[in-house]
Amino acid sequence: MARVRDDMGDTRWGRLQRWLREGDDSLDRAMIAVWDESAEPEPEPVFTVPPARPEQKKKNQKHTAKLEKLLRVFSVIAAVLLCVGIIGILLHTTALLPSFGREDNPVHNEVPRRYIEKGMNEDTGAVNIVAGMILDYRAFDTLGESNVLFVAVCTVMILLRLQAGDPDERLGSDTRDRLIEPHSDPILQVIARVLIPLILIFGAYVILNGHISPGGGFSGGAIMGAALILHMLAFGEKQTARFFSYRTYRAVSVCALGFYALAKAYSFFTGANHLPSIITIGTPGRIFSAGLIPYLNIAVGLVVCCTMYALFSLFRKGEL
Amino acid sequence: MGLTNYAELAAIILFGIGFTILLIDRNLIKKNIGFAMTDSGMYLYLAAKGYISGRKAPIVVNGVTEMSAYINPIPAGLVLTGIVVSVATSAVMLALTVRLYRKYHTLNIDEIADKARKERE
Amino acid sequence: MTVALWQSIPFACILLPLFGAAVCLALPRRLARLWATFLMAAVTCMSLVFLVYMIPFGKSYNYPMGHFPAPFGNELRAGTLEAVLGLLFAGLTLICTLGGSRDAEHDISEGRQGLYHVLLLLMEAAMMAQVYTNDLFTAYVFVEIMTIAGCGLIAVRSEPGRAIVSAMRYMIMNSIGSAMFLLGIILIYDLTGHLLMENLHDSVVQLQAGGQYSQPLTMVVALLCSGLAVKSALFPFHSWVPDAYSTATPASASLLASLVSKSYIIVMLKVVFRILGTDVINAARMDDVFFVFGAAGMLIGSAVAITVPDVRRLVAWSSVAQIGYIFLGLGLHAGDAAVWHILTHAAAKSILFLSLPSLIPAGSDGSLRDLRGAGYRAPLAGVAFTTGALSLIGIPLMGGFITKLTLAQAALGAGGAHMWISLAALVLSTVLNVGYMLRCVLVFYSHPEEDAVPAAAPVRRGFALASVLVVLIAANIALLVFAQPILTAIRSGFAMFD
Numbered sequence: 001m002a003r004v005r006d007d008m009g010d011t012r013w014g015r016l017q018r019w020l021r022e023g024d025d026s027l028d029r030a031m032i033a034v035w036d037e038s039a040e041p042e043p044e045p046v047f048t049v050p051p052a053r054p055e056q057k058k059k060n061q062k063h064t065a066k067l068e069k070l071l072r073v074f075s076v077i078a079a080v081l082l083c084v085g086i087i088g089i090l091l092h093t094t095a096l097l098p099s100f101g102r103e104d105n106p107v108h109n110e111v112p113r114r115y116i117e118k119g120m121n122e123d124t125g126a127v128n129i130v131a132g133m134i135l136d137y138r139a140f141d142t143l144g145e146s147n148v149l150f151v152a153v154c155t156v157m158i159l160l161r162l163q164a165g166d167p168d169e170r171l172g173s174d175t176r177d178r179l180i181e182p183h184s185d186p187i188l189q190v191i192a193r194v195l196i197p198l199i200l201i202f203g204a205y206v207i208l209n210g211h212i213s214p215g216g217g218f219s220g221g222a223i224m225g226a227a228l229i230l231h232m233l234a235f236g237e238k239q240t241a242r243f244f245s246y247r248t249y250r251a252v253s254v255c256a257l258g259f260y261a262l263a264k265a266y267s268f269f270t271g272a273n274h275l276p277s278i279i280t281i282g283t284p285g286r287i288f289s290a291g292l293i294p295y296l297n298i299a300v301g302l303v304v305c306c307t308m309y310a311l312f313s314l315f316r317k318g319e320l
Numbered sequence: 001m002g003l004t005n006y007a008e009l010a011a012i013i014l015f016g017i018g019f020t021i022l023l024i025d026r027n028l029i030k031k032n033i034g035f036a037m038t039d040s041g042m043y044l045y046l047a048a049k050g051y052i053s054g055r056k057a058p059i060v061v062n063g064v065t066e067m068s069a070y071i072n073p074i075p076a077g078l079v080l081t082g083i084v085v086s087v088a089t090s091a092v093m094l095a096l097t098v099r100l101y102r103k104y105h106t107l108n109i110d111e112i113a114d115k116a117r118k119e120r121e
Numbered sequence: 001m002t003v004a005l006w007q008s009i010p011f012a013c014i015l016l017p018l019f020g021a022a023v024c025l026a027l028p029r030r031l032a033r034l035w036a037t038f039l040m041a042a043v044t045c046m047s048l049v050f051l052v053y054m055i056p057f058g059k060s061y062n063y064p065m066g067h068f069p070a071p072f073g074n075e076l077r078a079g080t081l082e083a084v085l086g087l088l089f090a091g092l093t094l095i096c097t098l099g100g101s102r103d104a105e106h107d108i109s110e111g112r113q114g115l116y117h118v119l120l121l122l123m124e125a126a127m128m129a130q131v132y133t134n135d136l137f138t139a140y141v142f143v144e145i146m147t148i149a150g151c152g153l154i155a156v157r158s159e160p161g162r163a164i165v166s167a168m169r170y171m172i173m174n175s176i177g178s179a180m181f182l183l184g185i186i187l188i189y190d191l192t193g194h195l196l197m198e199n200l201h202d203s204v205v206q207l208q209a210g211g212q213y214s215q216p217l218t219m220v221v222a223l224l225c226s227g228l229a230v231k232s233a234l235f236p237f238h239s240w241v242p243d244a245y246s247t248a249t250p251a252s253a254s255l256l257a258s259l260v261s262k263s264y265i266i267v268m269l270k271v272v273f274r275i276l277g278t279d280v281i282n283a284a285r286m287d288d289v290f291f292v293f294g295a296a297g298m299l300i301g302s303a304v305a306i307t308v309p310d311v312r313r314l315v316a317w318s319s320v321a322q323i324g325y326i327f328l329g330l331g332l333h334a335g336d337a338a339v340w341h342i343l344t345h346a347a348a349k350s351i352l353f354l355s356l357p358s359l360i361p362a363g364s365d366g367s368l369r370d371l372r373g374a375g376y377r378a379p380l381a382g383v384a385f386t387t388g389a390l391s392l393i394g395i396p397l398m399g400g401f402i403t404k405l406t407l408a409q410a411a412l413g414a415g416g417a418h419m420w421i422s423l424a425a426l427v428l429s430t431v432l433n434v435g436y437m438l439r440c441v442l443v444f445y446s447h448p449e450e451d452a453v454p455a456a457a458p459v460r461r462g463f464a465l466a467s468v469l470v471v472l473i474a475a476n477i478a479l480l481v482f483a484q485p486i487l488t489a490i491r492s493g494f495a496m497f498d
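Going down the list, the sequences are from chains H, X and R.
Reminder that position 16 of the first sequence reads as 16 in our numbering, one-by-one numbering, no gaps.
Reminder that position 51 of the second sequence reads as 51 in our numbering, one-by-one numbering, no gaps.
Reminder that position 166 of the third sequence reads as 166 in our numbering, one-by-one numbering, no gaps.
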């Protein structure tokens, strides 16, 4: 433990530079040392030179080194050429496209005109036209989008969540958490105690005002997720687990996504069948206006907040 | 006609560099970085498409609902969707990288493939 | 315009699994499996009802997703082609899940099984959305859901290592493909200002008639088509296929091989036939690209398949070859042959992947040596495998034969070098097909050596797999019995595209 802290404390910048230059090394080695000491059951020789293949052994060592160098130079040249080629082709294409910032471009057609001119007063009731667009006009995209987050968390959970029988499992999530970073830093804790409520309130403000000012579920959810992450960094896993665990994640995302899907299913169905909807747009600018948008924003905000925290937590300690 | 702004130029340079890294570099973390750059470039490009000189963000102020007052809201919404998608993809790719690193102790995809092949034999 | 209740079925087919996936996360393991199976069965039934209503209806219709008409909101669109494909996707998802359920229980650790079913449901929702969507950007979002869910399905196996390596390769390839696809969408949006397919098509026709923007339009064609081709594992981009299909659990492998790569091709069909139109594609010479890579894939995939010793990898390599057939069809402007081969290959490939685990004895790495006499140990699986193999080879009156016939007809129609190359590729790859498929079948029905004691299979697969295999055999036979009506439906579906 102490060793890791020293290693990482001293010359992080130098290591980062070396890592950038050489690809994989010392930072990784420091981390590997941790995993090897504690986590890996079968100590496999790490970072030994891979045994040369039989056909390489026969050849002159010098010759091989030269060839490898040549190959590396060649691949760098190829990469640069490819990069310049892609950039050149795309720049050429862009130069032929409609020019930047002109109001008579084909993009600015009747669709954004209706979004802007009728969006607030007749169609969605959202002062924030982008919110009206993503949560009402093109709500199907956004429904898919929140499910992208959901599927990502599920996949990361499959990949990183500790299972009974995994080699890392016997450590327990708390130890793994401490392996990566020491905590209980009093300065951080005092500041976090002040900041976290403020961040949470700001996040809630951004979510709740998503339809009448800049913001919305995605940005507000990310802000609230940051507060949760800060809490875990400052107070450690045990404290955070008191109010946020896998069960919390499950309950929140099931409710939020289920509500989202049902609410949108209702409005899609009534819309397609030209049925009157019970949802009214209210008075634009009020907090309770714009039909379903504020509620959808809350649902999206909850999903995003949980996703951010869940991803961080899974990467950090393999548990929610 | 013609390339008249820096936003699109920067976006394309970002895209080109990122895409090259994604294609050629053998280090998995760098591939992830390349992927993030590719996506950022594209979102900048898409956002630039919605801009109209001298107009404001599409949030109604003082009840003005004329097309001539605001920029195009559609690219903004699409970028929002796209960003979320790229967050999700990066998370999954990084999780895979972590798993591979724990197992094979290297980030080089060729070495990993070599080791995996030996494992099979 | 009034909307009949049955016309809401596509909408229900997407929203139901999407909602079900969220609920599935909250359920305990066994209930999750039941719930997922129930939803898949429900979607299959609805798709069947939809097809029954759709065929006499005889024209396509648009279904707005929300209160806003065409260019302002999202839309779904359905015609006979969509109905056929919807039924195929829903039915095969159900069948693959059921058929692989015992193996999944065995391969996947308990803590992950709930998540596995969540991923299956999300995958189904995404595939149905691909089939029915009428909006290019919606297609992109659901393509991404499918990509990530596919990664999870490959990596879900308990045993780490090769499955993760192949999942990583899959993700890298797919993110390259996604980047190109998205850039193509951005460029075409910039040129036309639309994302809805009808409006896109109108604008593209105007652009082409005007002769303006011809270079950017070529770029759009190149980016959209090659992005989707990369994602569907067309020949030079197939590096992840053999590993992924041979390491994933059978249900995942058959889903990925028979459906997921196909749904990218369905988006491709929409791009080619509905958005850009064949004129633009031909002007950009994209059809020749499809043609060349399709033919190369057919030959090289089959040639490699003949050399690999591991039977699972053999089947995976044959997928590379079969994707080549579909692209050859696109290159010859024979959309009907391509769609027909999507159906045939989906039915045949899922039967191969689902029957393999019963044939491979416990403790074997799947090399053909160990499989001698496997057809006697597991008779039903042997018959099932043989049916699938025969269909892929294309012996007369099986599904693959009709593919080859339609492809050959299209080739004769094309004339010139196209005709000779495609006929040669067809003949050569058929010979290779016969080589590797018959090799498997012969090994299965040769007598085992005396000293090789067949070990008992570790997983009791029982009734579920048996009934699934019977259904699949029946489906393969049904494909050839109903070939004519299905082809008619596909052609009328293409006619509705304009």
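One or more of the hints may lead you astray.
Stated by the list, open to error - Calculated from the model, a selection of chain R residues having no Cβ within reach of chain X, i.e. all distances over 10 Å:
{"id": "1", "residue": "V49"}
{"id": "2", "residue": "E110"}
{"id": "3", "residue": "R491"}
Stated by the list, open to error - On the chain X side, residues computed to face chain H include the following (Cβ under 7 Å):
{"id": "4", "residue": "I12"}
{"id": "5", "residue": "I13"}
{"id": "6", "residue": "G16"}
{"id": "7", "residue": "I17"}
{"id": "8", "residue": "I24"}
{"id": "9", "residue": "Y51"}
{"id": "10", "residue": "I52"}
{"id": "11", "residue": "P58"}
{"id": "12", "residue": "N62"}
{"id": "13", "residue": "G77"}
{"id": "14", "residue": "A91"}
Because the hints were derived from the structure by calculation, they are not lab data.
Beta carbons: idealized from backbone N, C-alpha and C, even for Gly.
Earlier hints that do not hold, by number: 12
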